[in-house]
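Visitor: According to our numbering, the sequence shown holds residues 1060 to 1333 in order.
Be a bit skeptical, because a hint or two may be false.
Pairs of lysine-lysine residues, derived as PhoX-like cross-links and limited to a Cα-Cα distance of at most 25 Å, are as follows [unchecked claim]:
| id | residue 1 | residue 2 |
| --- | --- | --- |
| 1 | K1131 | K1141 |
| 2 | K1282 | K1239 |
| 3 | K1269 | K1282 |
| 4 | K1269 | K1239 |
Taking CB as the label site, the calculated pair distances span [claimed, not checked]:
| id | residue 1 | residue 2 | range |
| --- | --- | --- | --- |
| 5 | R1155 | D1261 | 15 to 25 Å |
| 6 | A1202 | D1232 | 12 to 22 Å |
| 7 | A1179 | S1332 | 42 to 52 Å |
| 8 | V1254 | T1230 | 20 to 30 Å |
| 9 | V1129 | D1170 | 19 to 29 Å |
Since the hints were made in silico from the structure, they are not lab data. Cβ atoms here follow ideal geometry from the backbone N, Cα and C, with glycine treated the same way.
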Amino acid sequence: MPCTGPCSRPFRIVPSRLGPWLPWWLPFSQAFVANSIRPRLSCPSLFRSAAEGIPMNEEIDIESWTDSLVGKVLGTFGPRLKLVGIQGSRARGEARPDSDIDVVLIVEGLDDDDLAAYRALLATMPHGDLACGFTGSPELLAAWPRHDVFNLIQDTRVAFGSFDFMDTEFTADDAMLSAKVGASEIYHAMSHELVFAEGSLDAIVAVCVKSAFFVMRALHYAKTGEYPPSRTAMRELATEQEAMFLDAYDNPDAFGTEELAHALLAWSSSIVSL
């Protein structure tokens, strides 16, 4: 059914494993939501195709992997390299075997040739097919909307350099806007799918369950000034409804899809209305 107005941004499922901080790319199974709703600056993996499997029993030493990456990007970009960081589940120590390696790379004066060089470099890295993340310049990131860059800064474990090129002191208003924007996208996704879905509700709910964690963290920061560093920490602070979404991420079969969809709809609506 065609639609206009707000639903003209369809939550369209695209068969791909492109690789994720545009809420940016959030892969699920062999697909991702084209205009996905993960906290903005996050990621799907660049070199992995839908046909390729990930060894489920292979451990990645993220410290060694990151050290190797820092050495390579220093050799490529020299003094222009301002920051290398890891974010997401691997930074939090909560990665699954097939989790992406979310890298934040900040290079002064970044241009198209630099992007191509970085892509080629990642192709030489072990597990480079899992690499994704945000790549940009310090001047660009410093100018990024505050509510959008909030989760990136808070979620990044810096391995080289620093964020000293920008203001990293976020206000309660920055965090609340981040929470409300994330919640509004969850609401739109759920209401859209409940009305217009054509077999994609399971996948969209899975995306929103994951996205809810980032909204929770921003909301907690807005209220307390503290940013929960992990899912484990967030669980200690979660409301009963928030705990439901954390449990659903850990155990996708714990709740029915419709039950989760309506719970996400009500929860996200309450946050947008704060």
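Visitor: Decide, hint by hint, whether the structure agrees.
Guide: Here's how the hints hold up against the structure:
| no. | hint | verdict |
| --- | --- | --- |
| 1 | K1131 <-> K1141 | 14 Å, holds |
| 2 | K1282 <-> K1239 | 13 Å, holds |
| 3 | K1269 <-> K1282 | 21 Å, holds |
| 4 | K1269 <-> K1239 | 16 Å, holds |
| 5 | R1155 <-> D1261: 15 to 25 Å | 19 Å, holds |
| 6 | A1202 <-> D1232: 12 to 22 Å | 18 Å, holds |
| 7 | A1179 <-> S1332: 42 to 52 Å | 48 Å, holds |
| 8 | V1254 <-> T1230: 20 to 30 Å | 36 Å, violated |
| 9 | V1129 <-> D1170: 19 to 29 Å | 21 Å, holds |
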